Amino acid sequence: MTLCGALFYLLGGITVLATVLAVTRRNLVHAVVYLTISFFATAALFYLLGAPFLAALEVIIYAGAIMVLFLFIVMMLQLEGVRKAPAALLRQWLPGVLLGAVTLAVTVAVLLSVPGGRPGLATAMAAPRQFGRVLFEQYWLPVEIASFLLLVALVGALYLGRGEGPRP
Amino acid sequence: MIVPYSHVLILAGLLFVLGAVCAAARRNLIMILIGVEIMLNAAGLALVGASLRWHELSGQAFVIFIMAVAAAEVSVGLALIVHCQRRTASVDANSYDLMKG
Amino acid sequence: METLLLLLLLFPLATAAVNALAGGRLPRRAAEALACAGVLGALAMAAAALILAGRQVFDVTFLSWIRVGGFRAAMSVHYDPLAAVMALMVTFVASLIHLYSVAFMREDEDYRRYFCYLNFFVFAMLVITLADNLLFVYLGWEGVGFCSYALIGFWYRDPANATAGRKAFMLTRIGDVGFGVALALFFYLFQNLSITHINAHAAALSPALATTLALLLLWAAAGKSAQLPLTVWLPDAMRGPTPVSALIHAATMVTAGVYLLMRLFPLVMLSPLALKVIAGVGAVTALYAGLAACVQWDVKKSLAYSTISQVGYMVLAVGAADIVGGMFHLLSHAFFKALLFMAAGVMIQALAEEHNIFKMGNLRRLMPGVALLFLGGSLCLSAFPLLGGFFSKDRILLATFLHPEWSYRLFWGLAALGALLTPFYSMRLYFVAFRERPGGPEAQDLRRTPKLMVWVLWPLVVLALFDGLLNLPGGIGKNFLGHYLAVVPGTRPDLGAPPALEWVMGLGSAGAVVLVTWLTYAYYRRPRRGLRPWLNELLFEAFYLDRLYLAAVVRPCQRLSAFLWRADEGGLDQGLERLALALFRPYRRFAGFLWTKFDELVLDQALVRAAEGLLGVSRGLGFWTTGRVTTYLKMLLLGLTGFLVALALRWYGW
Numbered sequence: 001m002t003l004c005g006a007l008f009y010l011l012g013g014i015t016v017l018a019t020v021l022a023v024t025r026r027n028l029v030h031a032v033v034y035l036t037i038s039f040f041a042t043a044a045l046f047y048l049l050g051a052p053f054l055a056a057l058e059v060i061i062y063a064g065a066i067m068v069l070f071l072f073i074v075m076m077l078q079l080e081g082v083r084k085a086p087a088a089l090l091r092q093w094l095p096g097v098l099l100g101a102v103t104l105a106v107t108v109a110v111l112l113s114v115p116g117g118r119p120g121l122a123t124a125m126a127a128p129r130q131f132g133r134v135l136f137e138q139y140w141l142p143v144e145i146a147s148f149l150l151l152v153a154l155v156g157a158l159y160l161g162r163g164e165g166p167r168p
Numbered sequence: 001m002i003v004p005y006s007h008v009l010i011l012a013g014l015l016f017v018l019g020a021v022c023a024a025a026r027r028n029l030i031m032i033l034i035g036v037e038i039m040l041n042a043a044g045l046a047l048v049g050a051s052l053r054w055h056e057l058s059g060q061a062f063v064i065f066i067m068a069v070a071a072a073e074v075s076v077g078l079a080l081i082v083h084c085q086r087r088t089a090s091v092d093a094n095s096y097d098l099m100k101g
Numbered sequence: 001m002e003t004l005l006l007l008l009l010l011f012p013l014a015t016a017a018v019n020a021l022a023g024g025r026l027p028r029r030a031a032e033a034l035a036c037a038g039v040l041g042a043l044a045m046a047a048a049a050l051i052l053a054g055r056q057v058f059d060v061t062f063l064s065w066i067r068v069g070g071f072r073a074a075m076s077v078h079y080d081p082l083a084a085v086m087a088l089m090v091t092f093v094a095s096l097i098h099l100y101s102v103a104f105m106r107e108d109e110d111y112r113r114y115f116c117y118l119n120f121f122v123f124a125m126l127v128i129t130l131a132d133n134l135l136f137v138y139l140g141w142e143g144v145g146f147c148s149y150a151l152i153g154f155w156y157r158d159p160a161n162a163t164a165g166r167k168a169f170m171l172t173r174i175g176d177v178g179f180g181v182a183l184a185l186f187f188y189l190f191q192n193l194s195i196t197h198i199n200a201h202a203a204a205l206s207p208a209l210a211t212t213l214a215l216l217l218l219w220a221a222a223g224k225s226a227q228l229p230l231t232v233w234l235p236d237a238m239r240g241p242t243p244v245s246a247l248i249h250a251a252t253m254v255t256a257g258v259y260l261l262m263r264l265f266p267l268v269m270l271s272p273l274a275l276k277v278i279a280g281v282g283a284v285t286a287l288y289a290g291l292a293a294c295v296q297w298d299v300k301k302s303l304a305y306s307t308i309s310q311v312g313y314m315v316l317a318v319g320a321a322d323i324v325g326g327m328f329h330l331l332s333h334a335f336f337k338a339l340l341f342m343a344a345g346v347m348i349q350a351l352a353e354e355h356n357i358f359k360m361g362n363l364r365r366l367m368p369g370v371a372l373l374f375l376g377g378s379l380c381l382s383a384f385p386l387l388g389g390f391f392s393k394d395r396i397l398l399a400t401f402l403h404p405e406w407s408y409r410l411f412w413g414l415a416a417l418g419a420l421l422t423p424f425y426s427m428r429l430y431f432v433a434f435r436e437r438p439g440g441p442e443a444q445d446l447r448r449t450p451k452l453m454v455w456v457l458w459p460l461v462v463l464a465l466f467d468g469l470l471n472l473p474g475g476i477g478k479n480f481l482g483h484y485l486a487v488v489p490g491t492r493p494d495l496g497a498p499p500a501l502e503w504v505m506g507l508g509s510a511g512a513v514v515l516v517t518w519l520t521y522a523y524y525r526r527p528r529r530g531l532r533p534w535l536n537e538l539l540f541e542a543f544y545l546d547r548l549y550l551a552a553v554v555r556p557c558q559r560l561s562a563f564l565w566r567a568d569e570g571g572l573d574q575g576l577e578r579l580a581l582a583l584f585r586p587y588r589r590f591a592g593f594l595w596t597k598f599d600e601l602v603l604d605q606a607l608v609r610a611a612e613g614l615l616g617v618s619r620g621l622g623f624w625t626t627g628r629v630t631t632y633l634k635m636l637l638l639g640l641t642g643f644l645v646a647l648a649l650r651w652y653g654w
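As you go down the protein sequences, you meet chains A, B and C in turn.
At position 87 of the first sequence the residue is numbered 87 (the working numbering), and the sequence of numbers has no breaks.
At position 9 of the second sequence the residue is numbered 9 (the working numbering), and the sequence of numbers has no breaks.
At position 410 of the third sequence the residue is numbered 410 (the working numbering), and the sequence of numbers has no breaks.
Treat the hints with care, since some could be wrong.
[Unchecked claim] Simulated restraints, written as ranges between beta carbons of each label pair:
id : chain 1 : residue 1 : chain 2 : residue 2 : range
1  : B       : C84       : A       : L17       : 31 to 41 Å
2  : B       : S58       : A       : L17       : 29 to 39 Å
3  : B       : I66       : C       : E612      : 20 to 30 Å
4  : B       : L98       : C       : A591      : 52 to 62 Å
5  : A       : Y159      : B       : K100      : 25 to 35 Å
6  : C       : V645      : B       : L80       : 27 to 37 Å
7  : B       : K100      : C       : A591      : 42 to 52 Å
8  : B       : S58       : C       : L614      : 26 to 36 Å
9  : A       : A109      : C       : E612      : 35 to 45 Å
10 : B       : K100      : A       : A122      : 50 to 60 Å
11 : B       : I66       : A       : E137      : 34 to 44 Å
12 : A       : A127      : B       : L98       : 17 to 27 Å
13 : A       : A122      : B       : L98       : 38 to 48 Å
14 : B       : L98       : C       : L614      : 21 to 31 Å
Since the hints were made in silico from the structure, they are not lab data.
For clarity, every value in this text was computed on a predicted model and none was experimentally measured.
By construction, the Cβ of each residue, glycine as well, lies at the ideal position given by its N, Cα and C atoms.
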């Protein structure tokens, strides 16, 4: 086991633990915070897997923007004070957990038996300059479409969130 | 050599399943959205691993698009939740059953 | 020629059909005109055919009709002078009667039914007249029987009329049994029902068979022509409208029996025994009916008995093997009897349905035309010298007298006696109805009758008076009819009598008739007491023949049928009821058991459970449509899981 491998398993463990905690918290703010931790760990994983630019983007967009947005909404809607409904624990969780376990088992089984998964990953680093070139040379169209998408999302979110404004 | 490629994929799969379980099992609308975010993130992780495996930068480019889509979707989704909450004062998914039957 | 004969038959049938089917939509005058046109058309055809045919014989087949196995019956026609003369007479008299009927039935609402039947009757009669195939004759035979029934009982709302119609039908039917048996026998013997064929091959029969067949035909003729013992229906038949009596019971149907015998005469004459029986029946009936006619107070009944008597003379002629004489008398009788009936009809209508001659009177003064017509007819009927009936009746008597067999002298005696009675009862009618009677009807009591009814009678009276010219025994028109009919097998144009005998008989009968006429006139000048009551009643009831039948046949039948009815209601019906009840109880128990145990428990429950099961399934399926996002997300996850598992299984080669 190399250093990077050990690091990988450690970061992976943190990610999984944080995600599990986030999923099972009743308190929304707690869940969001735990998820933020998960995203930070994921960013570190990205760096480890040779995508520094993406790691930065993960922190900025996911952990930074999206989670903060979640927190905003939670605070805006004052959901912490919402009455907690009695947890029908088994009935609520069992189907999902069962199905998830089956899916996981199948996936792991297949992945471990496929010969294509054996070779180890060599360390490499994608230079941002290189990455940007690929992005804007080969995938300029999706970039434009993504920007358009963001515009649409902006307008949509604005409209939906407007609420009962003063009538003209 | 970091890890065998399948381990990365297994990790991504595990995270994906966790997100799926969260989306399926939680009643709060915001938690459902959080589950969706976890799933998207797991997909991104898998893509990055693949990109490293074949030394292709396309994988990483795709992750950017995933992030963009996730962002857009989260903003619109949360705006929807706010809208619905204003109308019915509930973020419990079970209370929205007008389509029942 | 074929066309003429076909149209001759079809005209009256067609107008009958039109009147039956569409008469309701036509205006009254149109329907009546149509009916008359049918018969007048037939008359034209008959006249044309007579003229064109000369004395030729035509055999025409219209339709092959029945072909079953070896049995063939065609609608074929045998047109010889006999048929020609008969057809002409039938259509002529029928035409006049149709015209008369238009006026007579002017106040009756059922004119459509009347004219339809009348036309159909003419058609059926023409079928009998012309037909060659005996089955075709039988068709017409039954047709006239039916029309007679329908027309006698025309005013059916009075039960007595309907009963009279039924009586006529039943009695002629009894005669028709003879015809039916004869048909079967004919077929058995000849395999062919054609008259020409039978006449040609009749000589091959043994005398016994010939006698049997002839007697069967006599029985049939006796039914239709109202000869003894089947006379009782004709007096009752007077309940029908007077034109019906004139047509059916004077000129046509009653002569159909005689006509049939004449058509099959080559067969009949093979059996001297049958001829003797025929002559005997004719002679006895002539006297019998003549006696009955003497005391009738109803003018129509008197004429009815007179008809029976005169037809008896025709039958006697056939028995004496004198077809020409019989036909001659048939023609004369048709003319003057139709005339008498129709004149009587005028009188009856004028006097508001008064039939009793003793209640009539003053009519010579009040209805001079009718008086003259009635006088003419009566004189002809009584065989007044030189008038129509004289020569024909004389010839018949001569033929009977000339017959070598001694029994025929007896018949001659009876017939002569009848001939003496004839002037009495016929002139009696005239003298009583038309005399001056102080208490009788006056001008204001008379109802107005249409002139048409009288106008149609003048041609008839002319014909009646002068039809002696048809077959004078001597002089210019000597045996005219006889020679015309000579081609018909079995006829003898000339009787071959010694002239002296002819003169003696002729003068003798002439004198006798004149004498009796004068005596009748003298007798009825003053009111008379009449005969002894018992004698009067005996004659009036025609020797109680009708009562005899009533007691011997009708009442036992009625009693038997009443008994059977009671047995049916009482015994049979009750028995059936009890049986039904006895069967019903166990059945009911069984049905109840089935109902509760099986039907309710098993079947119903099965159905209910099946329905509930389905409901459960649908409810179960409906469980998933919660409308909740969480449920659908779980479903998505489930689908994903399933997909991945399937992929994995495929990967592992399962």
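Hints, one by one, checked against the model:
About 32 Å separates the C-beta atoms of B:C84 and A:L17, a value consistent with the hinted range of 31 to 41 Å. Distance hint for B:S58 and A:L17: a CB-CB separation of about 31 Å, consistent with the stated range 29 to 39 Å. Range check, B:I66 to C:E612: Cβ separation about 51 Å, and the 20 to 30 Å hint is violated. Checked against the given bound of 52 to 62 Å, the beta carbons of B:L98 and C:A591, roughly 55 Å apart, stay inside it.
The hint said 25 to 35 Å for the Cβ distance between A:Y159 and B:K100, and at roughly 28 Å that hint holds. At roughly 33 Å, the beta carbons of C:V645 and B:L80 sit within the given window of 27 to 37 Å. Checked against the hint of 42 to 52 Å, the pair B:K100 and C:A591 passes, with Cβ atoms roughly 50 Å apart. Against the hinted window of 26 to 36 Å, the Cβ-Cβ separation of B:S58 and C:L614 comes to about 55 Å, which falls outside the hint.
Between A:A109 and C:E612 the CB atoms are about 44 Å apart, so this pair conforms to the stated range of 35 to 45 Å. Roughly 54 Å separates the CB atoms of B:K100 and A:A122, a value that falls within the hinted 50 to 60 Å. Take B:I66 and A:E137: their Cβ atoms lie about 20 Å apart, and the range 34 to 44 Å is violated. A hinted range of 17 to 27 Å is violated for the C-beta pair A:A127 and B:L98, which are about 53 Å apart.
For A:A122 and B:L98, the hinted distance range of 38 to 48 Å is not satisfied, since their beta carbons lie about 54 Å from each other. For B:L98 and C:L614, the Cβ-Cβ distance of about 27 Å falls inside the hinted range of 21 to 31 Å, so the restraint holds.
The structure shown violates the earlier hints numbered 3, 8, 11, 12 and 13.
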